[in-house]
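Asker: One line per chain: the protein sequences are A and B, in this order.
Counting from 1, one number per residue, gives the positions in the first sequence under the numbering used here.
Counting from 1, one number per residue, gives the positions in the second sequence under the numbering used here.
Bear in mind the hints are in silico, worked out from the structure with no lab data behind them.
Where is the CB? At the ideal position from N, CA and C, for every residue including glycine.
Among these hints, one or two may not hold up.
[Unchecked claim] Here are the computed distance ranges between Cβ atoms for each label pair:
no.: 1; chain 1: A; residue 1: Lys267; chain 2: B; residue 2: Thr420; range: 44 to 52 Å
no.: 2; chain 1: A; residue 1: Thr76; chain 2: B; residue 2: Pro84; range: 52 to 60 Å
no.: 3; chain 1: B; residue 1: Asp354; chain 2: A; residue 2: Glu241; range: 31 to 39 Å
no.: 4; chain 1: A; residue 1: Thr76; chain 2: B; residue 2: Asp284; range: 46 to 54 Å
no.: 5; chain 1: A; residue 1: Leu21; chain 2: B; residue 2: Lys82; range: 29 to 37 Å
no.: 6; chain 1: B; residue 1: Arg248; chain 2: A; residue 2: Val60; range: 19 to 27 Å
no.: 7; chain 1: A; residue 1: Asp382; chain 2: B; residue 2: Pro406; range: 24 to 32 Å
no.: 8; chain 1: B; residue 1: Gln315; chain 2: A; residue 2: Pro50; range: 20 to 28 Å
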Amino acid sequence: MGIEKFKELDPIYTQPYDPTLAEKLYNPEKPMENRITDIGPPYFWQFMPPVIQKNYGKWVSHEIIQPGVLKYKSETGDVVYVVRCGTPRLETTDYIREICEIADKYCGGYVRWTTRNNVEFHVTDEETLKALIEDLKNRKHPNGSYKFPIGGTGAGISNIVHTQGWIHCHTPAIDASGVVKAIMDELFEYFGSHKLPAKTKLALACCLNMCGAVHCSDLALVGIHRKPPLVEDERLEHVCEIPLVIASCPLGAIKPATAEVDGKKKKTVRINVDRCMFCGNCYTMCPALPISDGEGDGITIVVGGKVSNRITPPEFSRVVIPYIPNEPPRWPTTVKWLKKIIEVYSQYANKYERIGTWINRIGWERFFELTGIPFTEKCIDDYRLAYTTYRTSMHFKFTKHVDEVFNAPENYKVELFK
Amino acid sequence: MGEVKKHDTPKVDQLKTGPWPSFVDDIYSYAEKHKNQACFDIMGQMELSYTNKETHWKHGGIVGVFGYGGGVIGRYSDQQEKFPAIWAFHTVRVHHTAGKWYHTSALKKLCDMWDSRGSGVVNFHGSTGDIILLGTVTDQLEPIFFDLTHQLHWDLGGSGSNLRSPACCMGKSRCEWALIDVQELDYELTMAFQDELHRPAFPYKFKFKFSGCPLDCVAAVARADMSFIGTWRDDIRIDQEAVRAYVRGELKPNAGAFSDRDWGPFDIKKEVIDLCPTKCMYWDENEQKLYINNSECNRCMHCIAVMPEALRPGQDTGIAILIGAKAPILEGAQLSTLIVPFMKVEPPYDELKDFIYKAWDYWMENGKNRERIGELIQRVGLNKFITEVMGLTPIPQHVRVPRDNPYIFWKEEEVEGGWTRDVAEFRKRHPA
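Pulled out of the complex, with its shape left as it was, chain A reads as follows (with noise of 0.2 Å):
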């Protein structure tokens, strides 16, 4: 069963919404009749406009004529102004509607977002440009957020992508959406300018499970667990297969074991802690194994990975501040921390360095240095490939960690013999 790839809107989309028409449709005692599957999403051209189509593979060149503002050359001689604005991902159908009405206005109906959740509004002459970008800043939220902030283009910050957080999963050990507005309310200059050493991507999830998969950006949060889960003896033979969770755990921690609750005995598992690193893929798999605590929890920041082959080659980010507690509702700590670190990049990387190749560079030592962020042992890898990451040469800066700890007598004792 297919729907036709319609190259024009389908005429699906002018008839109004039916909310009657499901249920004459749906027959739970026949729930094969009716039933359309298998049709996957509206084919992508229907829903490009005019300029888009008629240019499709055409285009020759680009240039951002101002932070979030676009210009695409085709080589038909026609142009394209494309308007990106930063949304906050989480939102209402009322949201979605003003930009419906904001490109019905302007856009002939048409609108894109981006993978970084900015949305795009295009136009083909200036005049009406104009008049969009002076709309879009003026449409505020009652309490005087912007709501459709102008950016997210060049040698700046883009949006953050990020998780659901506590207001839709089940497994966070951190908030995202209030931990991304707490962050984008304080590093806003960044994102309507291009005043940094190059384009600086940020991303935030909620647990290690990362369905936003942030291992490789320049600037990333990650919810961590720092306490074993609960084990619900009574619960967990109901609810789990012991089986499915003892080869859950990467690291063999979990063996089964039988314990009495109430006189009766049950099957369930116990954890050797000592080998628990937290991951929580123990809880994915068995609701009985709970593992969030609201003093246990927080967040992890990594800096220094990409995913551009642009002159260097992808990479991870890597870890530099292993634990921040939890603060909502602004998360005072981890703000300041990310805040500091753009700064002190902007400061003193070359253009066209990203966080991590400026970092490669300097090295890491000079990193902590000049950032000021404590250098721990929880920064040094013990996990599988480990020692990929141990330091093998005579390739080191002579940082002031050298001079606190190896070569001041007091120091020295103290951290090398106690």
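Given the coordinates of chain A, assemble chain B onto it according to the supplied hints.
Answerer: Just chain B now, kept in the frame of chain A:
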């Protein structure tokens, strides 16, 4: 509908101020306008999470629509007495379009449906790419699916151990660097693998992502089990007059991406030639001419990005296929590994589909529960995966460096005389 019950949310309310768009203001505005109890309750539950720093969603919940094993994720509050309107608050994943283009007539109709059958809260978009509808009850799932398919000609996305909704960059729709038609490729493969997308039969999730060029705007190399990235194998096209215009300072380097800071006048030697990772470029000051030794270029695209009016990728384009990226759970994060360096692709992409099925067949046969294909490759060895599984000939491009240990798993047939030896004969030569 009776009076709505509002909750005190002093902590959450602090996210109403500040310049960045406030989701709290948005959700409260919607709640007030539509007298929507679910929105008040979701803010109330969020306040509770902000107080005790823990989520209040129960673990999982198996719900779905008939005949599909994915696309809907069950969600139940653990505070059902306090927040009865969100006691069940399931997620519906609606498959985004390739390149995330929409017409407002479709979006508004989708909004009408969601106001009628759900909370009115959405994500544009979820991390994998889908439009996420947040919050409905089990009884509404079939009607939502019927509305989507009958009234919107729209299907659910993937979830669970199946093919997740593929995603691509904006591709040829707007980008001059799109070296392959990622949108068409995304759509065609999405349609070809509808069964894999809706009916979980895999050991774990599987993601496709398509980037038009090595700048990789959808992070295919980091997020996709199978990453398709556009590239070219002929020469970078040079407009020497435009290069000179950059050198003279008449064109803005990097399309204006550095406009708010004074980095001094453009210096082609410092900003392009010296930063080239393969040192395959030369600017002749006397001739005022740029030379590129294209056979040494690794197509990092830096020079093209700095001087987009002057340099363009070649025209003999195709895709590279990399396999195995994933987030840290379980064996640690992985980037995708280059398997096919260059392949010409045309609709209906049959050779690509064969390639994909070959990888899937092996993974479905040999993958452990919750083992991503990248982890399986690590477990069996990249060499075995390339040769025995995919039937390809290994080339140096498959590795960053060759192995540093000689612990090679030789096969008996590769060794002269085989492995069957006579110990008596051995001892004749070497008395014990």
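Asker: Each hint should be assessed against the structure and marked as holding or not.
Answerer: Hint check results:
Remark: the range hint 44 to 52 Å for Lys267 of chain A to Thr420 of chain B is upheld by a beta-carbon distance near 49 Å. Under the hint 52 to 60 Å, the C-beta atoms of Thr76 of chain A and Pro84 of chain B, about 58 Å apart, fit the expected range. One distance hint, 31 to 39 Å for the beta-carbon pair Asp354 of chain B and Glu241 of chain A, holds here, with the actual separation near 35 Å. In this structure the hint that Thr76 of chain A and Asp284 of chain B lie 46 to 54 Å apart at CB is violated, the actual value being about 34 Å.
For Leu21 of chain A and Lys82 of chain B, the hinted distance range of 29 to 37 Å is satisfied, since their beta carbons lie about 35 Å from each other. For Arg248 of chain B and Val60 of chain A, the hinted distance range of 19 to 27 Å is satisfied, since their beta carbons lie about 21 Å from each other. Separated by about 27 Å at the C-beta atoms, Asp382 of chain A and Pro406 of chain B satisfy the suggested range of 24 to 32 Å. As the Cβ distance of Gln315 of chain B to Pro50 of chain A is approximately 26 Å, the hint placing it in 20 to 28 Å holds.
In this structure, only the earlier hint numbered 4 is contradicted, and the remaining ones agree with it.
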